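Here is what each chain is made of, one letter per residue.
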Amino acid sequence: MDRGLYVAMTGAKQIMQAQAVNNHNIANVNTVGFRADGVSFVSQPIYGVGLPTRVNAVASDSGTDFSSGVLQSTGRQTDVAVNGKGYIAVQGLDGKEAYTRAGDLRINADGSVTTASGLPVLTEQGPLNIPPATQVTIGNDGTVSIVPLGSAPDANTQTDVIKLVNPPQQNLQKGEDGLLRLKDGGKAPTDPSVTITSGVLESSNVNAAQSLINMIELQRQYELQVKSMNSADQNEQTAEQMLSNAT
Amino acid sequence: MNLALWSAKTGLDAQNTQMAVIANNLANANTTGFKSDRAAFQDLLYQNVRQVGGQSTQNTQYSTGLTLGTGVSIVATEKDYTQGSVTQTNGSLDLSVSGRGFLQITMPDGTLAYTRDGSLSLDNQGNVVTASGYPLSPAITIPAGTQSVTIGTDGSVSIVSATNKATTIGQIQLADFVNEEGLQPTGNNLLVESAASGAPQVGTPGTNGLGTVKQGTLETSNVNTVTELVNMIETQRAYEMNSKAITTVDQMLQFLTTNLQ
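The listed protein sequences correspond, in order, to chains A and B.
Going by the numbering used here, the first sequence opens with residue 1, and the numbers climb by one from there.
Going by the numbering used here, the second sequence opens with residue 1, and the numbers climb by one from there.
Hints listed in this document are in silico derivations from the structure and should not be mistaken for laboratory results.
What you are looking at is a predicted structure, and each value in this text was computed from that prediction instead of being measured.
Fair warning: there could be bad hints in the mix.
What the hints assert, rightly or not - Mimicking DSBU-like on lysine-lysine, the simulated pairs with C-alpha atoms at most 35 Å apart in a straight line are: (1) B:Lys244 x B:Lys79; (2) B:Lys244 x A:Lys13; (3) B:Lys9 x B:Lys165; (4) A:Lys227 x A:Lys96; (5) A:Lys85 x B:Lys214; (6) B:Lys214 x A:Lys174; (7) A:Lys13 x A:Lys183; (8) B:Lys244 x A:Lys96; (9) B:Lys9 x A:Lys227; (10) B:Lys165 x B:Lys79; (11) A:Lys85 x A:Lys227; (12) B:Lys244 x A:Lys85; (13) B:Lys165 x A:Lys85; (14) A:Lys174 x B:Lys165; (15) A:Lys183 x B:Lys9; (16) B:Lys244 x A:Lys227.
What the hints assert, rightly or not - For each label pair, taking beta carbons as the anchor points, the in silico distance ranges come out as: (17) B:Thr111 x A:Ser112: 37 to 47 Å; (18) A:Asn156 x B:Ser56: 25 to 35 Å; (19) A:Glu240 x B:Thr257: 35 to 45 Å; (20) A:Thr137 x B:Thr60: 24 to 34 Å; (21) A:Gln135 x B:Ala162: 26 to 36 Å; (22) A:Gly38 x B:Gly91: 53 to 63 Å; (23) B:Thr247 x A:Gly185: 40 to 50 Å; (24) B:Thr111 x A:Asp154: 28 to 38 Å; (25) A:Ser244 x B:Thr60: 43 to 53 Å.
We treat Cβ as the ideally placed atom computed from N, Cα and C, and that holds for glycine.
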């Protein structure tokens with residue numbers, strides 16, 4: 001059995017997975033607040049009987065790219081973008097605290113404030129709820145102030161403060177729902193230095209050119225692996241021929 | 001099933017939907033009282049192929065895992081309720097709402113619908129109706145032989161009758177919603193109440209935070225054509241990129257089948 005064939009096959013399979021990660025980034029090139037995923041290959045020698053001559057490549061996350069996306073002005077009161085580093089705290093579907101950069105918020109009929117995907121936005125105390133209002137203003141530090149329904153504009157009252165956090169990047173991990181969470185499952189403390197701007201949305205931080213280059217590179221590497229598989233095949237064929245001629 | 005292919009396919013789908021939203025906005029760039037839509041994108045679920053922190057041996061752990069994203073989807077379209085600009089028409093039954101609030105319209109089935117389109121006219125009974133012929137609520141009837149109609153900023157409708165007598169004949173009321181983005185658009189410039197919008201808060205224009213009405217003007221569409229055109233370019237390029245990703249994966253698989261047989 002030619003073991004080289006299997007090393008090449010593993011390589012091809014892992015490259016296809018890396019291509020999937022890359023395509024996921026490309027698919028999310030217009031997703032508000034999206035953070036691109038990276039992929040890297042780790043060499044993994046195979047130990048067993050004899051020397052570890054075979055080394056498989058294994059695709060693995062190289063983490064999430066935390067650089068900022070481009071800010072787009074929308075003029076909508078409840079669109080917010082985090083300036084620089086930091087995250088908005090939301091409640092994930094599992095009920096636990098999670099973090100996002102997607103700030104296209106909305107106010108529901110019951111007064112709860114959620115993201116576009118329906119996840120409640122959190123304050124220090126819990127989900128953010130605002131009374132019926134004619135005007136909602138979100139301040140730089142996350143303070144939500146409203147003009148209550150049926151009041152004059154000078155009756156501006158402060159309701160609550162959106163929880164903004166800035167845990168160290170190495171402690172953050174992207175979950176299966178695309179939200180960021182602390183690796184230890186805990187809650188990050190509120191960071192008063194994080195500021196947000198309303199009327200602005202942060203675009204995806206996927207670098208389109210970079211992703212396209214990655215795509216081409218992965219394609220060619222894949223072809224290289226297939227070529228190796230082809231060569232292994234030819235070697236076997238030649239050996240078989242020589243042996244059958246010898247008999 | 002190849003994840004790389006399907007990821008790119010979701011991208012094509014989402015960009016296609018986004019294009020439909022943009023096209024609808026542009027088509028309504030001249031629709032009175034139209035509010036532009038926006039598509040909200042969200043990344044789909046991730047597949048955890050190898051858990052980070054899993055045991056690689058009894059004493060060591062994998063320092064990195066592998067999660068594969070599965071693409072993108074459009075979760076919602078949201079309307080942008082910013083004020084459109086106001087044009088002077090001098091029509092006595094043209095109204096624009098300046099600020100919050102919607103005009104109430106009685107539908108043929110008796111339910112109420114809401115609109116920002118104030119291009120009103122009269123039917124053969126003298127009732128004030130929308131361009132589609134649905135009467136305003138509360139109903140206002142202009143008697144025959146009326147010389148002129150005046151609508152105040154507070155919505156009061158007064159007329160000068162055939163005998164040159166000024167009388168107030170009705171009051172236009174506006175409805176406001178806690179979550180106006182939750183209103184459901186039904187076409188014909190009309191919106192209807194939904195579970196997400198909350199119940200209407202009806203009041204006199206100019207009170208309780210409601211906007212005022214202005215006779216002789218119409219609110220234009222709030223579609224910003226420049227923004228839409230830029231969005232269109234962005235969407236087109238994103239679509240091309242996803243299509244390129246599909247071609248690439250296709251070529252990879254093709255290379256595999258032609259080289260290994």
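Right, here's what the structure says about each hint:
1. Restraint check: the Cα-Cα separation between Lys244 of chain B and Lys79 of chain B comes to about 32 Å, which is no more than 35 Å; the hinted pair holds.
2. Taken as a hint, the Lys244 of chain B and Lys13 of chain A pair is honoured in the structure, with Cα atoms around 20 Å apart against an allowance of 35 Å.
3. About 69 Å separates the Cα atoms of Lys9 of chain B and Lys165 of chain B, which puts this hinted pair outside 35 Å; it is violated.
4. Between Lys227 of chain A and Lys96 of chain A the CA atoms are separated by roughly 48 Å; this puts the pair beyond 35 Å, and the hint is violated.
5. A distance of roughly 45 Å separates the Cα atoms of Lys85 of chain A and Lys214 of chain B; the hinted pair therefore is violated under the 35 Å criterion.
6. As the CA atoms of Lys214 of chain B and Lys174 of chain A are separated by approximately 51 Å, the hinted pair breaks the 35 Å bound.
7. At roughly 28 Å between alpha-carbon atoms, Lys13 of chain A and Lys183 of chain A fall within 35 Å of each other, so this suggested pair holds.
8. About 38 Å separates the Cα atoms of Lys244 of chain B and Lys96 of chain A, which puts this hinted pair outside 35 Å; it is violated.
9. Between Lys9 of chain B and Lys227 of chain A the alpha-carbon distance is near 28 Å, which keeps this suggested pair within the 35 Å criterion.
10. At most 35 Å may separate the alpha-carbon atoms for a hinted pair to count; Lys165 of chain B and Lys79 of chain B exceed this at roughly 44 Å.
11. The straight-line distance between the Cα atoms of Lys85 of chain A and Lys227 of chain A is roughly 45 Å, outside the 35 Å bound, and the hint therefore fails.
12. Taken as a hint, the Lys244 of chain B and Lys85 of chain A pair is honoured in the structure, with Cα atoms around 33 Å apart against an allowance of 35 Å.
13. The hinted pair formed by Lys165 of chain B and Lys85 of chain A fails the criterion: a straight-line CA distance of about 68 Å is larger than 35 Å.
14. Restraint check: the Cα-Cα separation between Lys174 of chain A and Lys165 of chain B comes to about 73 Å, which exceeds 35 Å; the hinted pair is violated.
15. Proximity of Lys183 of chain A to Lys9 of chain B is assessed by CA-CA distance (about 31 Å); at most 35 Å being required, the pair is judged to hold.
16. A threshold of 35 Å between alpha carbons decides the hint, and for Lys244 of chain B with Lys227 of chain A the separation of about 23 Å falls inside it, so the pair holds.
17. Judged by the Cβ atoms, the range 37 to 47 Å given for Thr111 of chain B and Ser112 of chain A is violated: they are separated by roughly 27 Å.
18. At roughly 57 Å, the beta carbons of Asn156 of chain A and Ser56 of chain B sit outside the given window of 25 to 35 Å.
19. Separated by about 22 Å at the C-beta atoms, Glu240 of chain A and Thr257 of chain B break the suggested range of 35 to 45 Å.
20. For the pair Thr137 of chain A and Thr60 of chain B, the beta carbons lie near 52 Å from each other, so the given range of 24 to 34 Å is not met.
21. The supplied range of 26 to 36 Å is broken by Gln135 of chain A and Ala162 of chain B, whose beta-carbon atoms lie about 44 Å from each other.
22. The given range of 53 to 63 Å is respected by Gly38 of chain A and Gly91 of chain B, whose C-beta atoms sit roughly 60 Å from each other.
23. Taken as a hint, the range 40 to 50 Å holds for the pair Thr247 of chain B and Gly185 of chain A, whose Cβ atoms sit roughly 41 Å apart.
24. Judged by the Cβ atoms, the range 28 to 38 Å given for Thr111 of chain B and Asp154 of chain A holds: they are separated by roughly 36 Å.
25. At roughly 48 Å, the beta-carbon separation of Ser244 of chain A and Thr60 of chain B lies within the given 43 to 53 Å, and the hint holds.
When the structure is compared with the earlier hints, violations turn up for hints 3, 4, 5, 6, 8, 10, 11, 13, 14, 17, 18, 19, 20, 21 and for no others.
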